[in-house]
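Novice: Chains as they are written, first to last, in the working numbering: chain A, 1 to 280; chain B, 1 to 280; chain C, 1 to 280; chain D, 1 to 280; chain E, 1 to 280; chain F, 1 to 280.
Because the hints were derived from the structure by calculation, they are not lab data.
Where is the CB? At the ideal position from N, CA and C, for every residue including glycine.
Among the clues, some could well be false.
[Said to hold, decoys possible] Straight-line C-alpha distance at most 16 Å; calculated EDC-like pairs for lysine to aspartate or glutamate:
1) A:K163 x B:E278
2) D:K234 x E:E207
3) C:K234 x A:E207
4) A:K163 x B:D280
5) E:K168 x F:E207
6) F:K163 x E:E278
7) F:K168 x F:E120
8) B:K168 x A:D280
9) C:K163 x D:E15
10) C:K163 x D:E278
11) E:K163 x E:E199
12) A:K168 x B:D280
13) E:K131 x F:D274
14) A:K234 x C:E207
15) B:K234 x F:E207
16) E:K163 x F:E15
17) F:K163 x E:D280
18) D:K168 x C:D280
19) C:K131 x D:D280
20) A:K168 x B:D259
21) F:K163 x F:E120
22) E:K131 x F:E207
23) F:K168 x E:D280
24) C:K168 x D:E278
25) B:K123 x B:D259
26) B:K163 x A:E207
27) E:K163 x F:E278
28) B:K168 x A:E278
[Stated by the list, open to error] Partial list, derived from the structure: chain D residues whose beta carbon lies under 8 Å from chain C:
29) C26
30) T34
31) S157
32) H166
6 protein chains.
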Amino acid sequence: MANLHLDLIRQALAEDGAEADVTTLCTIPMEQQTQANIIARQAGVIAGLTVAVATFRELDQRVSVETLLEDGAVVEPGQVLAHISGSARSVLSAERVALNFLGHLSGIATLTAQCVRALEGTKARILDTRKTTPGLRSLEKEAVRLGGGQNHRFNLSDGVLIKDNHIKAAGGISQAISLARRHAPHLLKIEVECETLIEVQKALEAEADVILLDNMPVYTVRNAVEFIRSTSPKVLIEASGCIGTNPITLAAVAATGVDFISLGAITHSAPQFDVSLEFD
Amino acid sequence: MANLHLDLIRQALAEDGAEADVTTLCTIPMEQQTQANIIARQAGVIAGLTVAVATFRELDQRVSVETLLEDGAVVEPGQVLAHISGSARSVLSAERVALNFLGHLSGIATLTAQCVRALEGTKARILDTRKTTPGLRSLEKEAVRLGGGQNHRFNLSDGVLIKDNHIKAAGGISQAISLARRHAPHLLKIEVECETLIEVQKALEAEADVILLDNMPVYTVRNAVEFIRSTSPKVLIEASGCIGTNPITLAAVAATGVDFISLGAITHSAPQFDVSLEFD
Amino acid sequence: MANLHLDLIRQALAEDGAEADVTTLCTIPMEQQTQANIIARQAGVIAGLTVAVATFRELDQRVSVETLLEDGAVVEPGQVLAHISGSARSVLSAERVALNFLGHLSGIATLTAQCVRALEGTKARILDTRKTTPGLRSLEKEAVRLGGGQNHRFNLSDGVLIKDNHIKAAGGISQAISLARRHAPHLLKIEVECETLIEVQKALEAEADVILLDNMPVYTVRNAVEFIRSTSPKVLIEASGCIGTNPITLAAVAATGVDFISLGAITHSAPQFDVSLEFD
Amino acid sequence: MANLHLDLIRQALAEDGAEADVTTLCTIPMEQQTQANIIARQAGVIAGLTVAVATFRELDQRVSVETLLEDGAVVEPGQVLAHISGSARSVLSAERVALNFLGHLSGIATLTAQCVRALEGTKARILDTRKTTPGLRSLEKEAVRLGGGQNHRFNLSDGVLIKDNHIKAAGGISQAISLARRHAPHLLKIEVECETLIEVQKALEAEADVILLDNMPVYTVRNAVEFIRSTSPKVLIEASGCIGTNPITLAAVAATGVDFISLGAITHSAPQFDVSLEFD
Amino acid sequence: MANLHLDLIRQALAEDGAEADVTTLCTIPMEQQTQANIIARQAGVIAGLTVAVATFRELDQRVSVETLLEDGAVVEPGQVLAHISGSARSVLSAERVALNFLGHLSGIATLTAQCVRALEGTKARILDTRKTTPGLRSLEKEAVRLGGGQNHRFNLSDGVLIKDNHIKAAGGISQAISLARRHAPHLLKIEVECETLIEVQKALEAEADVILLDNMPVYTVRNAVEFIRSTSPKVLIEASGCIGTNPITLAAVAATGVDFISLGAITHSAPQFDVSLEFD
Amino acid sequence: MANLHLDLIRQALAEDGAEADVTTLCTIPMEQQTQANIIARQAGVIAGLTVAVATFRELDQRVSVETLLEDGAVVEPGQVLAHISGSARSVLSAERVALNFLGHLSGIATLTAQCVRALEGTKARILDTRKTTPGLRSLEKEAVRLGGGQNHRFNLSDGVLIKDNHIKAAGGISQAISLARRHAPHLLKIEVECETLIEVQKALEAEADVILLDNMPVYTVRNAVEFIRSTSPKVLIEASGCIGTNPITLAAVAATGVDFISLGAITHSAPQFDVSLEFD
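Sequences are here, hints too, so could you generate the full structure?
Specialist: Written out as structure tokens, the structure reads:
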């Protein structure tokens, strides 16, 4: 679906001055051809390869790229992701933009996969959040899926998630849930953010479908889970806030029996995946 | 200059479905007004506040925002950055996009400032790179400046930087520098990426203006600096690659006497700055 | 939120050649001022007035518009919606685009309100669909709300609605529901389109949250509703297909006890609302 | 010329969340291929098939579409318009947007053709107006041509059409025509909107090229036509306003001898053409 | 109507790197304010001042600009067009883009005015053509009007102009005119390009409304005019091709009695008007 | 790299109403095919052929274009640049936009080549400026290169060029250079605009890298060059202002020994290159 991102790709090439790459224009003859490889410099999960390929070809349709694997593949350091051949000028002028996409998105997929691995043996699943980079949400959410995570809301129309500010503005948890129940689109469940056990209790009484345990210490999460399971066994439970991507913390939270752990960090703070382009 | 980013702001609001915020539409009456604060949840340097303000006002021009400090300010945890007042619906529907800008850009400014602090007492300065998020370069480069860093090239037309792939394609360091000297725009200096002392020597012989010491261990950097200073005292020296943002490593590299340390990590791997919006 | 539609407004003005309105340029002096009224020519519900106002002001910021009512108001034929004053040229050159928005969106709100009225005394509610005009969805969905209808999915990320083609591709109703249950975002309910009572039965066995009764005659709808209520009282029921906007048919379908009736016609086939602009 | 509409197509796919089609992503395996048909569900004239095809291919270039007829073809209920084959996911995720274009534009072509048929045996021709959907004018005007209608002005630079508000602002019919005659582009004729026979007489005296008889009862139209033919045989006559798409009314107006009948309804109030996509 | 050009203005500021004006950022303190004047450096007619003002304000809304005259004014060398006050950085960073608009468009208005002056004492009027700069047509056509010229077609929907290639493809002049007469929008006259007297004769026989005498020497133009006036006194006559902007040639062509002289050069080859910005 | 200009091409086609070319739609049958040639009508250097080809193909992908030479070729009057074959309608409707690109850009390349030729036998080189048409900079700068010129700054981030207004705002030449030296990106040299010998002296004392001699008579340029060469032999010298494109003036300025002559006129005042499209 890289076509849908052509505007972003073009904007990124323009932003990088790909048509005025003075180093390349000065040092490389117009007719020179090249063979090059895109190579992973670390282990991880690949995302954004499709967009990277489209970047080279948007700058110069005569560049050809042969991909050796697909987005979602697990790679080792040194592994070649793609062969590129074509005008040396075009390859050099598109390189940085293509690698910026690939490194950013593979970084997200790789960090997601690490978090998913930390939950092995539990039923908890990793969710992303709406804390994504402006303009890149659909690519970043796809990277999360490629890393084994599951997507929370794509945007504000995808679910009712009543947070503390909604509760304040609506005049209380019960009031907010009751309004949502009456007016929300009929395909959406109602999730309520709770910071204390008392709030959890109120949310259950108002028949929330999903409880978000926010910023609680692990033992409070455990208590909350036990309370919810015993009183409302069909209610789903999500933990969030202050958890981070440390595998030990993740495993501890997962062990409480929550259904989901949502992590802003996998999109907003993932370190770039190290990848390079080498001429033969 | 937030006007120049209105397209990005509008796209981010559309991407987040800000016009179809079902939670808010269901739970908050249309006429309800609110007072809220944007609050730092950690220490650091603020960037993106101007864009965040523009985001609220792009969704609803009647929302008013009073900023208590400007981009570039150093803040403590708990410090209030801005007061917001207006339609509760509008504030809630724009909140996430505004905070995504603010958190991402303040994260970059804050990490940059940490790296700059690590160099205190040396003459070395922190540079950014072109490893930025597609679509956000000018905002990210501004965040680096706000954090005390200096900008390397904004884009490919801003400098001649001859890398290993250029050298391969041009047929050697001397050949590449000589071509650049003949054809490059007359306001641009010529920088050459070197991975060994032999390459440094060749680049100096061909009269490079700036040497980029790439991926060298600290002791090799020190040798290279001594060699360059002794033979070509006017040449500028930049170190890059494998350095990272650890203060101890940064200080060690700076102690070699380089003029610049360029760090991709301050833009591509900066963790998000923690910031929240609280209703009164 | 008219700001978010400025691109569409500008595009519509360009498409209409508002800068090259030869009739106006030839016949009206540049400095001539005018007073004009926007007047409803039929009874109905107003939508798009905000966008219409923004259209005049986007062409010429010095035009001032005083609205006498807000979007959502019920009007009588002859009722004045707004006073406009400013350059006669600007008012004339923007008139058609402004009225095209206003007439199209008020047409949707008005038809929706008629359908909503037909359901009075039942618990059924009118839903829209994704059968909207390309580029205008959020405005059209807002017009539906203003007319008293409720929004179904804003887009494909807002709910799981398994249709016949999904069932074919997934290999059967049970299989499709089971896959959705496992992989769907946790805030989304699962709705299944059924054309026969057997399909309804299968969908209930697989624990669908919502049943869409598609293209059924009224007596089959009634049988299906009875069956669903008796076996799965918590399941929501939506009727759709071949229903149209005839009040008698709508009332008959509503009388079967369904929760929702979804109508593509309210967005894709609503006749334009008649509205005009008259100079004083 | 579907290329010129790629921005609109991309925007419509984004608006529908085609990249986040949770139902399809959850229930259909990534590698599953499908064969499907686009089928007319009513009789009529097809328009927008080219754009619908471009929609599938914009989402996924590997989808192939074989069209069995061209835009402008007359079809029967049940007739297959195109075979589609490719990724089941891609076909399902693009389906609604493609059909929205096809149904909307074929609805216009079909209603136009019905009106054209009502005029058979007279010399009168059906014209469209500028009452089109914002953003879709060129597609809607093409649909009118495909249905056998003729285009009135594409935009405000295409003709001088002096309406009541121009006459008020210019200070009278004669004054307005005289100004237009002096300043209008030399390839444009001058048309004047008249609501009474007295206005017709004034417009003829001022040598209008075309008379628009607006909102007149049929017998007044007949009188006006007789008067114009007897005094100014070269002047063209257009009837408009309150006519609608009823064939009997249309035939009656045509029988008065007018040259053109312009109908806003064929673009702004055409019911959607019923079309569906069925998997084999 | 500068609002309609905001996208172009923003694009031009981005293209010039106005956010990364390193000279200004390095040498001017952020808080420094300035007073500056925009000054004409030659005599001529001003166009584009409105757009230039919008450029400064799009970069920084706090810059204020007081214009001393309006677009269309005739100026002398040294005349001040506008006072600007605000951030010195903003004024400097927007200067070049603002002056590029102003110099380009005033150049067109000034050259147009010179050509118009050459025709004084004749009835001939200067027309522009569709030979405009891609993306700037409406601004350039407005500059022509400001210089006293009249606009030919804004675009391809604004008139029927049958050129040699149409005649070849249609199979002859008579055939082409006859087809146009049957199918053209009813508000458009039919103009035919003729290169010989024989073609003129054929075009008149086929009842063309306007004759374009293309690439003829002056004496042939004179003959053609006499022939047309004697046989078809209502037909309009336009001369074009190889005429250029030399006042003596223009006067000679005008003296033949043509109604219009169309000149591509006034838009495609107008030298820039000299204008500068000076700090107080 | 024509792909990067697709948005501009599409916008230019829309601006010209290429989808509503009434002349062509009325006179040419839909199925008619044609063969045509693009022919130079003067001698010069070709630029923009790639973009012109992309224009035809963007309107109709089935049009095929065979180019007989590449951008940068030197041509004689009457020389055929390309063969076109395909739908006669598509060729005619895209013709004007394609030729507008080709004529504008070849005009720039041709004027540049004339100026370059005037400098033969000297070491001086022709530079362009930032005085380009809004929206077309990268195409115009490429045309300069094709004509043998060299590019000055692409945009404001590409070099430090301290002009009179910067000097005023910074408080003097020495102050401005010293600030630039401290803060400018390390790959950029510092150029200073000087209008008198005293300013030259100050700039040299402050160690400017490049001196721009602005608006000086030739004998002052000569004096300045002698002074600079004798005191600061490594400093580059650029002459600008009031020079124009007259070959004799250019040769005289070049004979003073300057390194560069920068000319706004080659981009902002180049007359259009004459080119036409002829059907076989």
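Novice: Checking against the hints above, which ones are violated?
Specialist: Those not satisfied are hints 5, 7, 9, 16, 19, 20, 21, 22 and 26.
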